[in-house]
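Take 1 as the starting number for the sequence shown in full-length UniProt numbering and just add one per residue.
Read the hints as simulated data drawn from the structure, not as lab findings. Misleading hints may appear alongside valid ones.
Said to hold, decoys possible - Listed next, the in silico DSSO-like pairs over lysine-lysine satisfying Cα-Cα at most 27 Å (straight line):
1) Lys236 x Lys144
2) Lys236 x Lys372
3) Lys135 x Lys278
4) Lys238 x Lys68
5) Lys372 x Lys238
6) Lys340 x Lys295
7) Lys278 x Lys367
8) Lys68 x Lys278
9) Lys168 x Lys236
10) Lys144 x Lys168
11) Lys238 x Lys278
12) Lys372 x Lys295
To be verified - Label pairs and their calculated CB-CB ranges:
13) Gly305 x Thr3: 21 to 31 Å
14) Asp18 x Pro355: 36 to 46 Å
15) Asp65 x Thr147: 25 to 35 Å
16) Arg121 x Trp256: 46 to 56 Å
17) Ser61 x Glu251: 18 to 28 Å
18) Asp18 x Pro271: 37 to 47 Å
19) Arg362 x Glu261: 32 to 42 Å
20) Asp65 x Gly90: 38 to 48 Å
21) Thr137 x Phe254: 40 to 50 Å
Glycine included, C-beta positions come from ideal geometry on N, C-alpha and C.
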Amino acid sequence: MTTTWYRFKAADVLFFRDGRPFNQGDPAQMAITSLFPPHPNTAVGALRAALARGMGWDGRSPWCDRIKATLGDGEALSGLTFQGPYLTHGLAGPLFPAPAMIVREKGDDHAIRRLGPGRARDCDLGSAVRMAEPKNTRPHTRVKALTGSWLTLPGMQHVLNGGVPPRKEIYLAGDDSEPSDEENDVKNALFAREVRIGLARNPRTRTAEQGALYTAGFVRPQAGEKVALVMGVHSKQKLQDPVSPIPLGGEGRFAWVEGGEEISWPEPPAPFQEAGDKLLYTVTLIMPAQLCGPKWPGPGEQLCGLPGTIVCACHERPLMVGGWASEHFRKGDWGPQPLKAMLPPGSTWFMEADPDDEEDVRGWHLKHIGDKDKRDWGYGQILIGTWMDDHTRTIGGGDQ
Numbered sequence: 001m002t003t004t005w006y007r008f009k010a011a012d013v014l015f016f017r018d019g020r021p022f023n024q025g026d027p028a029q030m031a032i033t034s035l036f037p038p039h040p041n042t043a044v045g046a047l048r049a050a051l052a053r054g055m056g057w058d059g060r061s062p063w064c065d066r067i068k069a070t071l072g073d074g075e076a077l078s079g080l081t082f083q084g085p086y087l088t089h090g091l092a093g094p095l096f097p098a099p100a101m102i103v104r105e106k107g108d109d110h111a112i113r114r115l116g117p118g119r120a121r122d123c124d125l126g127s128a129v130r131m132a133e134p135k136n137t138r139p140h141t142r143v144k145a146l147t148g149s150w151l152t153l154p155g156m157q158h159v160l161n162g163g164v165p166p167r168k169e170i171y172l173a174g175d176d177s178e179p180s181d182e183e184n185d186v187k188n189a190l191f192a193r194e195v196r197i198g199l200a201r202n203p204r205t206r207t208a209e210q211g212a213l214y215t216a217g218f219v220r221p222q223a224g225e226k227v228a229l230v231m232g233v234h235s236k237q238k239l240q241d242p243v244s245p246i247p248l249g250g251e252g253r254f255a256w257v258e259g260g261e262e263i264s265w266p267e268p269p270a271p272f273q274e275a276g277d278k279l280l281y282t283v284t285l286i287m288p289a290q291l292c293g294p295k296w297p298g299p300g301e302q303l304c305g306l307p308g309t310i311v312c313a314c315h316e317r318p319l320m321v322g323g324w325a326s327e328h329f330r331k332g333d334w335g336p337q338p339l340k341a342m343l344p345p346g347s348t349w350f351m352e353a354d355p356d357d358e359e360d361v362r363g364w365h366l367k368h369i370g371d372k373d374k375r376d377w378g379y380g381q382i383l384i385g386t387w388m389d390d391h392t393r394t395i396g397g398g399d400q
């Protein structure tokens, strides 16, 4: 298999829809803001179209047999597998979604803390249930999730080793109620949000349509070489260079695409922490995942074939991920795809396994979990870390 890496740089603002309706007259339409970075299926579709143009596709006609044999057709990927899209930031390198187990204290110092399985309790969820609790905090201290924040490679390495990231390795998603550090604020350092008002026109009369005023919240990544998206493609043969610029996302926006370099990855911990006869490890998503089965696994159950069982987990509310089918445009069945609930990036499971399974656990680092059809599109990629079963201290570098 040949692996080719590509780098996307926005030509202007970008717009990526989430699962909410975006219809004329819908009351929620005023609150629509762009996702960033986009879900894998959006980036994969744009990259495949650019590669097809590099093979001679005119952008309108159905793909010829030669293109289909190389790039697949619609949901069929013809042996291709994708990685990403990953967010990168200039000299800082790759950025990883902040794990849900890393939180911020509410108060004057905003200290960075780590969640871990607490003491076993009997509750309405069952007996001996262990919920995630903050470590090293004073009684009644309130904490806040780092939702929408990013860690640098060294910062994520601290987390995988069982510690917390130093402040300088975090790009915080600021909030208007708290003072923000401009250097480490995602809104300022990575991208800006721009709300624009549009007016739809009748293509025949070129006049404004009655009641067709709309708004959309775009994102503007930092200019120059600072903020980009990187994707990897595994293929059986060498791919043609893509045509650039390419349409990316919605609202008629474009991005430049060029050859890129493989991003650097954090390493799994060495050694893993142990408690008694159990090896303690964490599983953290860096891409959304659609897990198999009718329900998501809970404490005491296995996670997608990984060794051992789940102790507890930390994750935000599910993502509703859809998509847009354009390959059947001429058949009349093109359009939005049904929404599916997925676990968001940053979701983390605390696991325990037999110490003899250490090599097997380590081998899952950077692999993909969940629905097999989604894994080839880049969904479900994980990082393996460790945790300490101790209610009084954490390990590793950074603020404690």
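Problem set entry | Hint numbers not upheld by this structure, sorted from lowest to highest | 1, 8, 9, 11, 15, 19
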